[in-house]
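Novice: Here are the chains, one letter per residue:
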Amino acid sequence: MQKITKETYIKWYEDMLFWRKFEDKLAAVYIQQKVRGFLHLYNGQEAVLAGALHAMDLSKDKMITAYRNHVQPIGMGVDPKRVMAELFGKATGTSQGLGGSMHIFSKEHRFYGGHGIVGGQIPLGAGIAFGDKYHDSDAVTLCCFGDGAARQGSLHETFNLAMLWNLPVVFVCENNGYAMGTSVKRTASHEDIYKLGLGYEMPCAPVDGMNPIKVAEAFDEAIQRARTGGGPTFLELKTYRYRGHSMSDAQHYRTKAEVEEYKKIDPISQVKDVILSKKYATEADLKKIDADVKKRVLECEKFADESPYPDKSVMYDVVYEQEDYPFLQHKI
Amino acid sequence: MRTIQFREAICEAMSEEMRRDESIYLMGEEVAEYNGAYKASKGMLDEFGAKRVIDTPIAELGFAGIAVGSTMTGNRPIVEYMTFNFSLVGIDQIINNAAKIRQMSGGQFKCPIVFRGPTGSAGQLGATHSQAFESWFANTPGLKVIVPSNVYDAKGLLKAAIRDDDPVIFMESEQMYGDKGEVPDGEYVLPIGVADIKREGTDVTIVSFGKIIKEAYKAADELQKEGISCEIIDLRTVRPLDINAVLDSVKKTNRLVILEEAWPFGNVSTEITYQVQAQAFDYLDAPIVKINTADTPAPYSPELLAEWLPNSNDVVKAVKKVMYK
Numbered sequence: 114m115q116k117i118t119k120e121t122y123i124k125w126y127e128d129m130l131f132w133r134k135f136e137d138k139l140a141a142v143y144i145q146q147k148v149r150g151f152l153h154l155y156n157g158q159e160a161v162l163a164g165a166l167h168a169m170d171l172s173k174d175k176m177i178t179a180y181r182n183h184v185q186p187i188g189m190g191v192d193p194k195r196v197m198a199e200l201f202g203k204a205t206g207t208s209q210g211l212g213g214s215m216h217i218f219s220k221e222h223r224f225y226g227g228h229g230i231v232g233g234q235i236p237l238g239a240g241i242a243f244g245d246k247y248h249d250s251d252a253v254t255l256c257c258f259g260d261g262a263a264r265q266g267s268l269h270e271t272f273n274l275a276m277l278w279n280l281p282v283v284f285v286c287e288n289n290g291y292a293m294g295t296s297v298k299r300t301a302s303h304e305d306i307y308k309l310g311l312g313y314e315m316p317c318a319p320v321d322g323m324n325p326i327k328v329a330e331a332f333d334e335a336i337q338r339a340r341t342g343g344g345p346t347f348l349e350l351k352t353y354r355y356r357g358h359s360m361s362d363a364q365h366y367r368t369k370a371e372v373e374e375y376k377k378i379d380p381i382s383q384v385k386d387v388i389l390s391k392k393y394a395t396e397a398d399l400k401k402i403d404a405d406v407k408k409r410v411l412e413c414e415k416f417a418d419e420s421p422y423p424d425k426s427v428m429y430d431v432v433y434e435q436e437d438y439p440f441l442q443h444k445i
Numbered sequence: 005m006r007t008i009q010f011r012e013a014i015c016e017a018m019s020e021e022m023r024r025d026e027s028i029y030l031m032g033e034e035v036a037e038y039n040g041a042y043k044a045s046k047g048m049l050d051e052f053g054a055k056r057v058i059d060t061p062i063a064e065l066g067f068a069g070i071a072v073g074s075t076m077t078g079n080r081p082i083v084e085y086m087t088f089n090f091s092l093v094g095i096d097q098i099i100n101n102a103a104k105i106r107q108m109s110g111g112q113f114k115c116p117i118v119f120r121g122p123t124g125s126a127g128q129l130g131a132t133h134s135q136a137f138e139s140w141f142a143n144t145p146g147l148k149v150i151v152p153s154n155v156y157d158a159k160g161l162l163k164a165a166i167r168d169d170d171p172v173i174f175m176e177s178e179q180m181y182g183d184k185g186e187v188p189d190g191e192y193v194l195p196i197g198v199a200d201i202k203r204e205g206t207d208v209t210i211v212s213f214g215k216i217i218k219e220a221y222k223a224a225d226e227l228q229k230e231g232i233s234c235e236i237i238d239l240r241t242v243r244p245l246d247i248n249a250v251l252d253s254v255k256k257t258n259r260l261v262i263l264e265e266a267w268p269f270g271n272v273s274t275e276i277t278y279q280v281q282a283q284a285f286d287y288l289d290a291p292i293v294k295i296n297t298a299d300t301p302a303p304y305s306p307e308l309l310a311e312w313l314p315n316s317n318d319v320v321k322a323v324k325k326v327m328y329k
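From first to last, the protein sequence lines are chains Y and U.
Under the working numbering, the letters of the first sequence match residues 114 to 445, in that order.
Under the working numbering, the letters of the second sequence match residues 5 to 329, in that order.
Keep in mind that a hint or two might mislead.
List of simulated lysine-lysine pairs, DSS-like, C-alpha gap at most 30 Å [what the hints assert, rightly or not]:
id, chain 1, residue 1, chain 2, residue 2
1, U, 114, Y, 173
2, Y, 203, Y, 425
3, Y, 327, Y, 415
4, Y, 119, Y, 147
5, Y, 415, Y, 392
6, Y, 415, Y, 116
7, Y, 392, Y, 134
8, Y, 220, U, 114
9, Y, 444, U, 294
10, Y, 308, Y, 392
11, U, 114, Y, 203
12, U, 218, U, 55
13, Y, 138, Y, 407
14, Y, 194, Y, 415
15, Y, 377, Y, 308
16, U, 255, Y, 444
17, Y, 308, Y, 134
18, U, 218, Y, 173
19, U, 256, Y, 194
20, U, 184, U, 255
21, Y, 124, Y, 444
22, U, 55, Y, 425
23, Y, 116, Y, 327
24, Y, 173, Y, 147
25, Y, 392, Y, 327
26, Y, 220, U, 55
27, Y, 369, Y, 392
28, Y, 444, U, 256
29, Y, 119, Y, 425
30, Y, 194, Y, 376
31, Y, 220, Y, 385
32, Y, 400, Y, 124
33, Y, 444, U, 114
Calculated directly from the structure, the hints in this document are not laboratory data.
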């Protein structure tokens, strides 16, 4: 793993702040009805992505996740303007407006979605790793899901097969405490999700998911294990989401005090504190970053706003490989 | 030409394609060391090795999803379901992932994968092992559905399915694996989406597909004795549907009977019925009759099962009905 330096902290601060503000902007434009459907925001969980990206080899490693998926592709290199445009349903979006909030993809940047069915992406992630192993690549796949998905059968079938076939995959449970409105403790007889790895003899561990350094260290070990033929690892990232599950969530399942407790260990604040205490940058430097982030987010909104909606014919063009596929019944 | 069994046609198609393209592998329960539950992959482990002919535990969801995922890193898997009844455990991966990844990614990812195995009834197996889900899969945009009825079609169409860049559901029958038929000595590939006129006739069109088409042949033989000439169209592919072949025949015979081994509500015959009335209403001299299974789960008892399944008598009766005889 590359050393964690002053530059790493500054990058983490800038990236995590951008992701936070990007999501805040989406919440704002959602209220303006520029973005519709479901909208699952990542606020609070940023340290997981920041730490993971630091440990990954972004020239070849891969990522797949569920529907809380706007900022991961941005972290992997996708132009955030195109992600914003996808949520606006515009032709310039990452999937030409066909995917929407839950289905962001980038083949170029090896981000494999963006999946809407809880746990449905878990075997896909192992399959991506299967393909890499088959083709003698040393790339590693990060297969991410939430605490809700940990209760799906797909996880168990995939864990078993991934161990049986020694696949180069890291399973990442981002445990933010709640599957929609159901707390982890209400879904199983114990709360240590990482222990689900034990039954498959898969290396597994809990990780402080609010601290990017702890995250990076855990991912580094897991990724190196996978890259060198050691097979899968299961990491449970203990994290927290500040916002509701989606937009229409009154959050009666938790107290405001609980949310405030987690904000005391906010990943951006933690990184900011280190930057200031170690004098990696001044308050004034960070204010400049804040202003730049704000400007970039506004540029995303402007791009998405000004982009055209897709041509109506596009929905018929991407269902099958063959262009002008003659067998799809068009509406009269 | 040489005569081979249906199971050998399946095996030859897979093996020929795997020799041609290293990215193809076969995965499923009992496909490798056991040589296939119905011996459709006999000898393939020996030829291609364990990397490409892969036994799985009983985890239809897990291995289907892994196979779909591997298409995104350049593989072209063939997934065998011991029967499509078991595919229901993994159908999320077929409907929500295989059929949609291309569309949801705006065309960035393709999903070249074949899910194959037997469909429909196969003797007294009871309700969970006697189901035909052709219309379920065919209802889903993004999938192609192929259901061959003989050895020649099976080999040529399976090769086409494996070469296709879209996910294909390829449905066989436990009761057809022992069927014999002629295939060319050399390589051949049949086009997906082209129906085949298995018998030419003038009085009535019978449309069918898969193993149940044999009941149409029996009925046509009987009706021939009475001077009634049946044209039998084998759809071979359910999606895409070669509706033009059906329309051309109906315009000639003016009468249509559809024979499909599936529950009657909202199935492939229903779709054909709709399309024919929409596009050839004026050519019809009688209401279309469709023959399906009884509208119940499949029974076990032999007398009940015989009653439940469509048979040649049903076809004879239906033909006479559309001919007002």
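Novice: The structure should be examined with respect to each hint, and the outcome stated for every one.
Specialist: Evaluation of the provided hints:
Between residue 114 of chain U and residue 173 of chain Y, the direct Cα distance comes to roughly 20 Å. Compliance with the 30 Å bound is thereby established for this hinted pair. For the hint linking residue 203 of chain Y to residue 425 of chain Y, the alpha-carbon distance of about 11 Å falls within 30 Å, and the restraint holds. Straight-line distance between C-alpha atoms of residue 327 of chain Y and residue 415 of chain Y comes to about 36 Å, which puts the hinted pair past the 30 Å bound. Taking the CA atoms of residue 119 of chain Y and residue 147 of chain Y, the gap is near 38 Å; set against the 30 Å cutoff, the hint is violated.
A hinted pair counts as satisfied when its Cα atoms are at most 30 Å apart, and residue 415 of chain Y with residue 392 of chain Y does not qualify at roughly 35 Å. Restraint check for residue 415 of chain Y and residue 116 of chain Y: the C-alpha separation of about 37 Å exceeds 30 Å, so the hint is violated. At roughly 24 Å between alpha-carbon atoms, residue 392 of chain Y and residue 134 of chain Y fall within 30 Å of each other, so this suggested pair holds. Pair hint residue 220 of chain Y plus residue 114 of chain U holds up; C-alpha atoms about 11 Å apart against a cutoff of 30 Å.
The suggested pairing of residue 444 of chain Y with residue 294 of chain U holds, with an alpha-carbon distance near 26 Å, which does not exceed 30 Å. Distance hint between residue 308 of chain Y and residue 392 of chain Y is unfulfilled; the C-alpha atoms sit about 40 Å from each other, more than 30 Å. At roughly 22 Å between alpha-carbon atoms, residue 114 of chain U and residue 203 of chain Y fall within 30 Å of each other, so this suggested pair holds. At roughly 39 Å between alpha-carbon atoms, residue 218 of chain U and residue 55 of chain U are farther apart than 30 Å, so this suggested pair is violated.
Restraint check for residue 138 of chain Y and residue 407 of chain Y: the C-alpha separation of about 10 Å stays at or below 30 Å, so the hint holds. A C-alpha spacing of about 9 Å is found between residue 194 of chain Y and residue 415 of chain Y, which places the hinted pair at or below 30 Å, so the restraint holds. Taking the CA atoms of residue 377 of chain Y and residue 308 of chain Y, the gap is near 27 Å; set against the 30 Å cutoff, the hint holds. Proposed proximity of residue 255 of chain U and residue 444 of chain Y is supported: the alpha carbons are some 25 Å apart, at most 30 Å.
Distance restraint check for residue 308 of chain Y and residue 134 of chain Y: the Cα-Cα separation of roughly 34 Å exceeds the 30 Å cut-off, and the hinted pair is therefore not satisfied. Simply put, residue 218 of chain U and residue 173 of chain Y have alpha-carbon atoms about 53 Å apart, too far for the 30 Å limit, and the pair is violated. For the hint linking residue 256 of chain U to residue 194 of chain Y, the alpha-carbon distance of about 58 Å lies beyond 30 Å, and the restraint is violated. Note on residue 184 of chain U and residue 255 of chain U: the hinted pairing is violated, with a Cα-Cα distance of about 34 Å set against a maximum of 30 Å.
At most 30 Å may separate the alpha-carbon atoms for a hinted pair to count; residue 124 of chain Y and residue 444 of chain Y exceed this at roughly 49 Å. The suggested pairing of residue 55 of chain U with residue 425 of chain Y is violated, with an alpha-carbon distance near 44 Å, which exceeds 30 Å. The suggested pairing of residue 116 of chain Y with residue 327 of chain Y holds, with an alpha-carbon distance near 13 Å, which does not exceed 30 Å. Under the criterion of a C-alpha separation no larger than 30 Å, the hint pairing residue 173 of chain Y with residue 147 of chain Y is inconsistent with the structure, at around 35 Å.
For the hint linking residue 392 of chain Y to residue 327 of chain Y, the alpha-carbon distance of about 21 Å falls within 30 Å, and the restraint holds. Between residue 220 of chain Y and residue 55 of chain U, the direct Cα distance comes to roughly 26 Å. Compliance with the 30 Å bound is thereby established for this hinted pair. The suggested pairing of residue 369 of chain Y with residue 392 of chain Y is violated, with an alpha-carbon distance near 33 Å, which exceeds 30 Å. Between the alpha carbons of residue 444 of chain Y and residue 256 of chain U the distance comes to roughly 29 Å, so the proposed pair stays at or under 30 Å and holds.
Taken as a hint, the residue 119 of chain Y and residue 425 of chain Y pair is broken in the structure, with Cα atoms around 49 Å apart against an allowance of 30 Å. Distance restraint check for residue 194 of chain Y and residue 376 of chain Y: the Cα-Cα separation of roughly 28 Å lies within the 30 Å cut-off, and the hinted pair is therefore satisfied. Distance check on the hinted pair: residue 220 of chain Y and residue 385 of chain Y sit about 33 Å apart at the alpha-carbon level, beyond 30 Å; violated. Restraint check: the Cα-Cα separation between residue 400 of chain Y and residue 124 of chain Y comes to about 14 Å, which is no more than 30 Å; the hinted pair holds.
Taken as a hint, the residue 444 of chain Y and residue 114 of chain U pair is honoured in the structure, with Cα atoms around 25 Å apart against an allowance of 30 Å.
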